[in-house]
Each structure stands twice: as C-alpha cells, then as structure tokens.
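> Now for the letters of each chain:
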Amino acid sequence: EAGVVQSPRYKIIEKKQPVAFWCNPISGHNTLYWYLQNLGQGPELLIRYENEEAVDDSQLPKDRFSAERLKGVDSTLKIQPAELGDSAVYLCASSLRPEELFFGEGSRLTVL
Amino acid sequence: AQSVTQLDSQVPVFEEAPVELRCNYSSSVSVYLFWYVQYPNQGLQLLLKYLSGSTLVKGINGFEAEFNKSQTSFHLRKPSVHISDTAEYFCAVSVTGGSQGNLIFGKGTKLSVKP
Chain A
1 EAGVVQSPRY
11 KIIEKKQPVA
21 FWCNPISGHN
31 TLYWYLQNLG
41 QGPELLIRYE
51 NEEAVDDSQL
61 PKDRFSAERL
71 KGVDSTLKIQ
81 PAELGDSAVY
91 LCASSLRPEE
101 LFFGEGSRLT
111 VL
Chain B
1001 AQSVTQLDSQ
1011 VPVFEEAPVE
1021 LRCNYSSSVS
1031 VYLFWYVQYP
1041 NQGLQLLLKY
1051 LSGSTLVKGI
1061 NGFEAEFNKS
1071 QTSFHLRKPS
1081 VHISDTAEYF
1091 CAVSVTGGSQ
1101 GNLIFGKGTK
1111 LSVKP
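Chains A and B, in that order, give the protein sequences. Residue numbering for the first sequence follows the numbering used here, starting at 1 and increasing by one per position. Residue numbering for the second sequence follows the numbering used here, starting at 1001 and increasing by one per position.
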C-alpha cells in the first residue's frame, strides 16, 4: 500500500514568490493534516481536514497561507507571497483513526 | 492547553547500551500519548502509543514506554540500541475527545548511537 505522497520534496524560491505543495493521502483516509516543522522544532498543526471540510484551521496564517482539499482526496497548501521565515519543512499526514497518523516525507522550503 | 517537554535535546550513547528518552506533558484533560521517530530527510513514523489500559506500552524496533499519570511522564526506553536507531525522536500528545488527531509535539530528542 502506498504511503502519503508529497511533492515537491525540495523547493527553493525567492522571497515574495508564490509556492504550492501537494499531498496525496493514503487511500481511504478521510482525515488529512498539514503540519509545519521549523528547524530544531517539533511539527505544529496548520490545518486539519475531514473529507473536504477544514475542521481546524486556527493555526493557519490566513493572510498568506491557503489550503484546499477538493473532492476530499488530495490537498494543496499554498503560500503567497513567501517570506524568509517560511523556510521550513511542510509535512502532510493522513489517518483513518485519530490515534494513528501516517506522515509523508515532507516538502522542504527554502526562501532566499 | 496541552504542552510537551522533552528534557534532553541530544542523547549520545554507545551501541548495545540502554537508553531512555524523557518526556513530560501538561494537560488539564485526558490525553493520548505517542512517540514518533524521524530519520534524516524523512517523515515521522509512529513508534508506539498509549491510549488506555496497561501503562507499559511496547512498540516497534524494540522500544517501549511507560505512562506515569502521577508524574505526567511518558519516557521511551530501549534496553540495547543499534547504530540504526540514530534518529530524532518526538513525543506527542492529543486530547481524548474533540480534536483527536491534532498532535502537540515536543521539540525532539536527537539520539546518536556511536560504535
């Protein structure tokens, strides 16, 4: 069974440019999460979806970040415009049960 | 609100020695507890979890952890480590109702196993 797939794995952009990350969860997993992992820190939740509905986006900086999960399967996280402080790893996870999350390998963003 | 404190940012240990990675949490409600491992340039993999029942939990790769409610701790242990255990380990909590699955992570402990 395929795991959570994320792309791109690495992205380098200049500040003020837009960037998008894509996540394909494990088949059948209704719940999808985006986490932000800064260097030397643990992951922090950005947004959680139940099917196509964002049920918790309280930590998502809505001035520059947006996310969507059309059709309740794969999801896209966008940053526009990117700032230097957005350099981090963006992790996607999915779950069938809330007590067991499966994480993708992450998308590492470097903003110059 | 919940919080997690991992008491050691780095733990160096020799191969075949025992290791303990410490985790304390703070919460006013019941929580589930987890340990995840992250190998370089990879995502997080679940090692073990405590949901209820026996306070001693066994996970993959020979790891185990003990939930201590009175001390609000969930320390991870392995009796004999291998070079391949070199990785970063994250302790996490989630509430038992409502926002289940919204994990709150500690800052991580880097385990370095030396030959």
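In short, the hints are calculated from the structure, not lab data. This one's a predicted model, so the numbers in the text were calculated from it and none came from an experiment. Don't take each hint at face value.
Looking from chain B toward chain A, a few residues come up when the C-beta cut is under 8 Å (computed) [stated by the list, open to error]:
(1) PRO1040
(2) GLY1043
(3) LEU1044
(4) LEU1046
(5) LYS1049
(6) PHE1090
(7) PHE1105
(8) LYS1107
Note that CB positions come from ideal geometry on N, CA and C, so glycine has one too.
> Are the hints correct? Go through all of them and say.
Structure-based check of each hint:
{"no.": "1", "hint": "PRO1040", "verdict": "violated, 11 Å"}
{"no.": "2", "hint": "GLY1043", "verdict": "holds, 4 Å"}
{"no.": "3", "hint": "LEU1044", "verdict": "holds, 4 Å"}
{"no.": "4", "hint": "LEU1046", "verdict": "holds, 6 Å"}
{"no.": "5", "hint": "LYS1049", "verdict": "holds, 6 Å"}
{"no.": "6", "hint": "PHE1090", "verdict": "holds, 5 Å"}
{"no.": "7", "hint": "PHE1105", "verdict": "holds, 3 Å"}
{"no.": "8", "hint": "LYS1107", "verdict": "holds, 5 Å"}
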